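**Q** Could you slot chain B onto chain Z? The hints should help.
Protein chains in written order, with numbering that gives the first Met the number 0: chain Z, 0 to 585; chain B, 0 to 292.
Worth flagging that the hints you see were computed from the coordinates, not collected in a lab. Check the hints yourself; a few may be wrong.
Stated by the list, open to error - Straight-line alpha carbon distances no greater than 25 Å define the calculated DSS-like cross-link-like pairs of lysine-lysine that follow:
id	chain 1	residue 1	chain 2	residue 2
1	B	K12	Z	K406
2	B	K44	Z	K427
3	Z	K427	B	K37
4	B	K12	Z	K151
5	Z	K427	B	K5
6	B	K9	Z	K406
7	B	K44	Z	K406
8	B	K8	Z	K406
9	B	K286	Z	K427
10	Z	K164	B	K286
Quick caveat: nothing in here was measured; it's all calculated off a predicted structure.
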Amino acid sequence: MSSASAPALRNAVIRLAGYSQDGIQSIGAFLAQLAGSTAQDVMTYMTIPSTISGGPSIFQVHLGSGEVLHPGDEADTLVAFYQDSYNNHLGSLRDGGICFYDSDTVTELKEERDIIHIGVPFTSAAIEAIGGSAKDRGKNIFVLGMLCAVYKLDRERLTDLISRKFGRKSEDVLRNAMLAFDAGYAYPVHDIRHMPFAPGENAEANRISTDGNTMLALGLIAGGCRFGAGYPITPWTSIMEMLRSELPKYGGSFIQCEDELAAVAMAIGASYAGHLAVTGSSGPGLSLKSEAIGYATMAELPLIVVNIQRGGPSTGMPTSVEQSDLMQAIYGSHGDSPRVVLAPRDVEDCFYTAVEACRIARDYSTPVVILSDQAIATRIEAFPEPDLEKFWIEPRLDLSACPADCKPYPLDRITRHAPPGCPSPEGKYPVVTGLEHDEWGHPSANPVMHEKMTAKRRDKLIEFANSLPAPQFFGDEEGDLLFIGWGSTYGPIKEATTKLREAGHKVGSLQFRRIHPLRPGLDEIFARYQHILVPEMNDRGVHGYGQLATLLRAATCNSKIQSLNKVQGLTFRVKEIHQAALDLIG
Amino acid sequence: MSTAEKLTKKQLKADHPTWCPGCGDFAVLASFFNVVEKLQIPHEKIVCVAGIGCSSRFPYFVNAHGIHFIHGRALPLATGISLSRPDLHVFVFGGDGDGYSIGGNHLMHAARKNVNLSYVIMDNQVYGLTKNQTSPTTPLGHKSKTDPRGAIDRPINTMAQLIASGATFIARTHATQVKHMNEMFERAILHPGFAVVETLSECTMFYPGAFDAGIPRRGGVFDLVDESARDMESTAAAMSLAEEDFPGKFGVYYETRKPTKNELEWKWIEDARAAAPDLSDKDLLRKRFAGMR
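Next comes chain Z alone, as it looks inside the complex (with noise of 0.2 Å):
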């Protein structure tokens, strides 16, 4: 590999093991941001200790000349920082992985594995390169320079990167970043020097690099919806801070409230008044906002509910990844509460999905609950911006006049509410209601009123389960096994059907976006397979299926319908879907 003539990288896995007070996330930021305005495919992974500052910190950074679905199994090449990050995190080199550590703080191990191992004075070079005793300051940017210099980047677009960067603080900021950069990128780390990367094959315009919870953010904005209300939770809380401040740029307002219970009241209250509204939380805030959920269902208004699933029950795991919140996002109320659930499966898909979630709200009157994840709502990856032609939904505010037959919930059609300063030319108002009511929103104990009532809050779900279009598979549409996912999943289940295939198996594979309600027919899907197996990071249960598996063995009867699931705070890695598919195969 130290030979010149050596073929371009087309794949590369870097993971960067410090704490997180020492911008290890800035390095791998910089490295994504200049994969994706290069070409470049890129997906990050980052674990953040829970603590308020501090903490044993990785960010992991998988570069691609093609499509990266994953942020990679095994790293090829390891920074770590201190002994401890070495201690922990040689174990996920690949054999010939090559790692760099700091040889100011970490004494190299005996390793019978075939590995590597530069020792490179991060701290003492970084402090030399910039002068003076700034202690510790600069040895990220340095080893950014040095991964520069290793992976033949391209120099002069990281190099603007950093100066849009550093350049909004100071000069004096920016003079040290670049003086630790071109450090690292004249450091002697001999014949590892020539690992040159293929040139990026995502030729798209305008490509962007961002994390899921900026794109969920800047979808809401696109789908119109002008105003929200959170409390601050881990990892909801970067969507809350940013619509905080992008909102009154576009004429609206979030609000932080006191608590889970008064944010979804004061979106509630929102919709209510005509304006489609955002509340969110992770797992924690969503039980608390639960009643409230129940409401807008009983009530049929539109609202957008964003859950950044986390691990749990309880406080749980709050900076791991976990999807165990699916029951409670589609039943989580009392009573029988029908809403739509969504979930998107990268980041890119986050906006998107966002814009759908608005316009489902507004055409079915009805709560929308968005489940993203901490792995997706955390990580970065490159795309091609958005194309608001599109993907824009105008904000309205409509108030006219209330029609004639002003019944606030008309049992034969969708309810369209006539928000707060509608006329009503008959001189008769609407009272929106959480008791059961009639079509005219006085309260009803009526047991056939109370039946007919919550049939019509049911169809219109149907109604627009009916209307979504055909399941789009990736693979083999009939054949040995189906893999079924949602969320997160995704990159790592096609990267496994992709490997199967290859290796002469018939697989499938389908992504639920809208997992409530599901589009009909899955049963003539189902047949068309020997396997069906269902990867998901929660709990079998007590009867052995995870919680999607459980609804579709309840949808459809099908007993071929597997789990596979893991529940480590961890998204999944190719090796475990691809195993567990063979398994099954036989």
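**A** Relative to the frame of chain Z, chain B by itself:
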């Protein structure tokens, strides 16, 4: 349209209230009709909001846009309406359980944020809809189904709590004193910001006679706050009124003008819009994407 016509009490009447005969809430409803008619608020701009409880049935009895929400959360819901629609007149109605118990936290925060709305708390010192349990304002010793030996938890000093919360208009009235009640409601409606009127409203079913000490024709004293002798913006002065023994004083305890949450949020929007006056919303988002390349 309705805006051109004169609004009358008759137009504001909806279903006949489901309250028990003699309930103090009837008078509150009548007073609300009187004041809205007097102020000629555009009919379609009136929004009545309530949580859960006897008094929270209010929106059904008013022919105006209304929303009947869940227990204790009427204030944050009304905040969402008020902030997103500054053109509306938002009225919140509820009882002592809804406002001081299950919704207590929201009362404090809606007050300190100075959201522009009017809030009438019909305090009857008992849970009525669930049929006679102790409420957060039930006096010590009063017997209910949950305190058969008499209430042992000290009741909330409602006026002190409202003052401490930072509400910018705080008044106290009595449902039997119609003229006074009309005056308090009118001033609350005209106040820009969070205006709350604590209204003693007797539950004839489960706590008859609770407020007799404040009713002259039942031998009580209806003693008014002397506003001419007071600094209306002094919380200390208001607190000393709140410390008086029952029945205490009736009238405006505290009144001040502070920026409303509505004004502050709107100022932010105006400033943000002024920073990029020529860009459409779509172009703004495109610009944002361009920064992510």
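**Q** Against each hint, give a clear statement of whether it holds in the structure.
**A** Now for the hints, and whether the structure bears them out:
1. K12/B with K406/Z: holds, 18 Å
2. K44/B with K427/Z: Given that 25 Å is the threshold and the Cα spacing comes to 13 Å, the pair holds.
3. K427/Z with K37/B: With a Cα-Cα distance of about 20 Å, the restraint between K427/Z and K37/B holds, given a limit of 25 Å.
4. K12/B with K151/Z: Between K12/B and K151/Z the Cα gap is close to 78 Å, so the pair fails against 25 Å, i.e. violated.
5. K427/Z with K5/B: holds, 16 Å
6. K9/B with K406/Z: Within the cut-off at roughly 21 Å; holds.
7. K44/B with K406/Z: holds, 19 Å
8. K8/B with K406/Z: holds, 23 Å
9. K286/B with K427/Z: violated, 46 Å
10. K164/Z with K286/B: holds, 17 Å
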